[in-house]
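Q: Sequence:
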Amino acid sequence: MKQIKYSDRISNIEISTLRQLFDKAPKEAINLGLGEIQFQTPDIITDFAIDIIKHKNILYTPNAGLIELQIAIANYYEIPLNGNVCVTSGAEEAIFASLFSYINKGDEVLIANPTYLAYKTIIEMLDGITVEFNLNPNSDFALDYIDFENKISSKTKILLLNNPSNPTGRCFSEKEVDFMISKCEEHNVLIIVDEIYRELYIRSRPSSLLNYQGKIIVISGISKSHSMSGWRIGWAMSNDPYLIKPIITSHQYICTCAPFISQKAAIIALSEKGMEAQNRIREELTKNREYVIQQLKPLQTEIHILENTSSPYLFIKVNVEVMNLVNTLVKNGLIIIPGLSFGSNGKHWIRLNYGINKKKLAKGLHIFKKYIKLLNR
Numbered sequence: 001m002k003q004i005k006y007s008d009r010i011s012n013i014e015i016s017t018l019r020q021l022f023d024k025a026p027k028e029a030i031n032l033g034l035g036e037i038q039f040q041t042p043d044i045i046t047d048f049a050i051d052i053i054k055h056k057n058i059l060y061t062p063n064a065g066l067i068e069l070q071i072a073i074a075n076y077y078e079i080p081l082n083g084n085v086c087v088t089s090g091a092e093e094a095i096f097a098s099l100f101s102y103i104n105k106g107d108e109v110l111i112a113n114p115t116y117l118a119y120k121t122i123i124e125m126l127d128g129i130t131v132e133f134n135l136n137p138n139s140d141f142a143l144d145y146i147d148f149e150n151k152i153s154s155k156t157k158i159l160l161l162n163n164p165s166n167p168t169g170r171c172f173s174e175k176e177v178d179f180m181i182s183k184c185e186e187h188n189v190l191i192i193v194d195e196i197y198r199e200l201y202i203r204s205r206p207s208s209l210l211n212y213q214g215k216i217i218v219i220s221g222i223s224k225s226h227s228m229s230g231w232r233i234g235w236a237m238s239n240d241p242y243l244i245k246p247i248i249t250s251h252q253y254i255c256t257c258a259p260f261i262s263q264k265a266a267i268i269a270l271s272e273k274g275m276e277a278q279n280r281i282r283e284e285l286t287k288n289r290e291y292v293i294q295q296l297k298p299l300q301t302e303i304h305i306l307e308n309t310s311s312p313y314l315f316i317k318v319n320v321e322v323m324n325l326v327n328t329l330v331k332n333g334l335i336i337i338p339g340l341s342f343g344s345n346g347k348h349w350i351r352l353n354y355g356i357n358k359k360k361l362a363k364g365l366h367i368f369k370k371y372i373k374l375l376n377r
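Be aware that the sequence shown starts at 1, since it is given in our numbering, and climbs by one per residue.
Some clues are possibly wrong.
Stated by the list, open to error - No more than 25 Å apart at the CA atoms, straight line, and that leaves these computed lysine to aspartate or glutamate pairs for DMTMM-like:
(1) K287 <-> E307
(2) K215 <-> E78
(3) K157 <-> D107
(4) K360 <-> E307
(5) K287 <-> D140
(6) K347 <-> E149
(7) K120 <-> E176
(8) K245 <-> E78
(9) K215 <-> E272
(10) K359 <-> E283
(11) K155 <-> D240
(12) K155 <-> D178
(13) K363 <-> E28
(14) K27 <-> E14
Unchecked claim - Cβ-Cβ distance ranges computed for the label pairs, FRET-style:
(15) Q213 <-> L375: 44 to 52 Å
(16) N319 <-> S207: 29 to 37 Å
(17) T121 <-> K347: 30 to 38 Å
(18) N12 <-> D51: 40 to 48 Å
(19) P62 <-> Y291: 42 to 50 Å
(20) T286 <-> S154: 39 to 47 Å
(21) E185 <-> F22: 40 to 48 Å
Just so you know, the hints here were simulated from the structure itself, not pulled from any lab data.
Backbone N, C-alpha and C define an ideal beta-carbon position, used for all residues, glycine too.
With the hints as extra help, turn the sequences into a complete structure.
A: Following this line, the structure appears as structure tokens:
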């Protein structure tokens, strides 16, 4: 019997590198490649959600989200609420709905090289064209100003940023942000910035781009900050409600609304007590980060660790063939992600997630140290 043909937009899309590695790995493999904080959701949030389930009728919410949650999000940014928030089913849906609302066939979208691997796929699914600008791996992935300006054309519609960056764990400097905003204003380019790692800072919380003037939409959520990836709550927000209006419409037809229970839980997550719980997650991550750095110090001749500023990731340059290392580690029970998955400028690098319990982290690092030494002989 003849098979039904897939749509053109999906037929050439492959499963992610992480999924391919996961499928190869032994059942009990330690996953330091997953883009998730593998800690428990704080009790203050789960206890409240249980109470909601017991005592509330679980219904649809307004398309843009419960008004109490919209207020909580606006208060988080210290910006008045005026139709400028859309609550979504995770930041990933916020990214998709935002791009869906603005990309026409043939529009160019600027993305960094390296950056979060899903951006390029989503853009191409929507018949957009990705144009990559360089972050220089020889200068701690700093912005290449000349290359950025040269990549803007009459077809450029959107600049899509990840700040703090996945995979580098670094933030753009104020100078870099000012430069990019000025060039986007000059060429009438919309800025969409994914700030999902903002609360996982090491020393000081980075500024949101909502603090800047310009045509800017900020994407974020509580999946990373509050260890709530499975709760699926994100949002798109702007100072300008005009920019959010089409996203609310797109979101309505993608999933109607984010889950009622998760929205209620998110209100608690963004409360004073919820943010205190979040801070404990951040502190635990910081301890894990210091532990990893100390454990990897003896490998100074084999690796170089990029100093991150806000994320659960360390981006590590290795002096061996990356895919050989990655495949060797997978066979021996450890999953990490090759930097090439995030763009050609990551080709000599790997990404390691330290947002996991200490026991598993220690075991994973033992495997990593063992095989990086063997492959360097």
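Q: All the hints need checking, so say for each whether the structure fits it.
A: Here is how each hint holds up against the structure:
no.: 1; hint: K287 <-> E307; result: holds (15 Å)
no.: 2; hint: K215 <-> E78; result: holds (18 Å)
no.: 3; hint: K157 <-> D107; result: holds (6 Å)
no.: 4; hint: K360 <-> E307; result: holds (22 Å)
no.: 5; hint: K287 <-> D140; result: holds (23 Å)
no.: 6; hint: K347 <-> E149; result: holds (24 Å)
no.: 7; hint: K120 <-> E176; result: holds (22 Å)
no.: 8; hint: K245 <-> E78; result: holds (20 Å)
no.: 9; hint: K215 <-> E272; result: violated (30 Å)
no.: 10; hint: K359 <-> E283; result: holds (17 Å)
no.: 11; hint: K155 <-> D240; result: holds (23 Å)
no.: 12; hint: K155 <-> D178; result: holds (22 Å)
no.: 13; hint: K363 <-> E28; result: holds (12 Å)
no.: 14; hint: K27 <-> E14; result: holds (22 Å)
no.: 15; hint: Q213 <-> L375: 44 to 52 Å; result: holds (50 Å)
no.: 16; hint: N319 <-> S207: 29 to 37 Å; result: holds (36 Å)
no.: 17; hint: T121 <-> K347: 30 to 38 Å; result: violated (19 Å)
no.: 18; hint: N12 <-> D51: 40 to 48 Å; result: holds (47 Å)
no.: 19; hint: P62 <-> Y291: 42 to 50 Å; result: holds (44 Å)
no.: 20; hint: T286 <-> S154: 39 to 47 Å; result: holds (45 Å)
no.: 21; hint: E185 <-> F22: 40 to 48 Å; result: holds (42 Å)
This entry does not satisfy hints 9, 17, going by the numbered hints stated previously.
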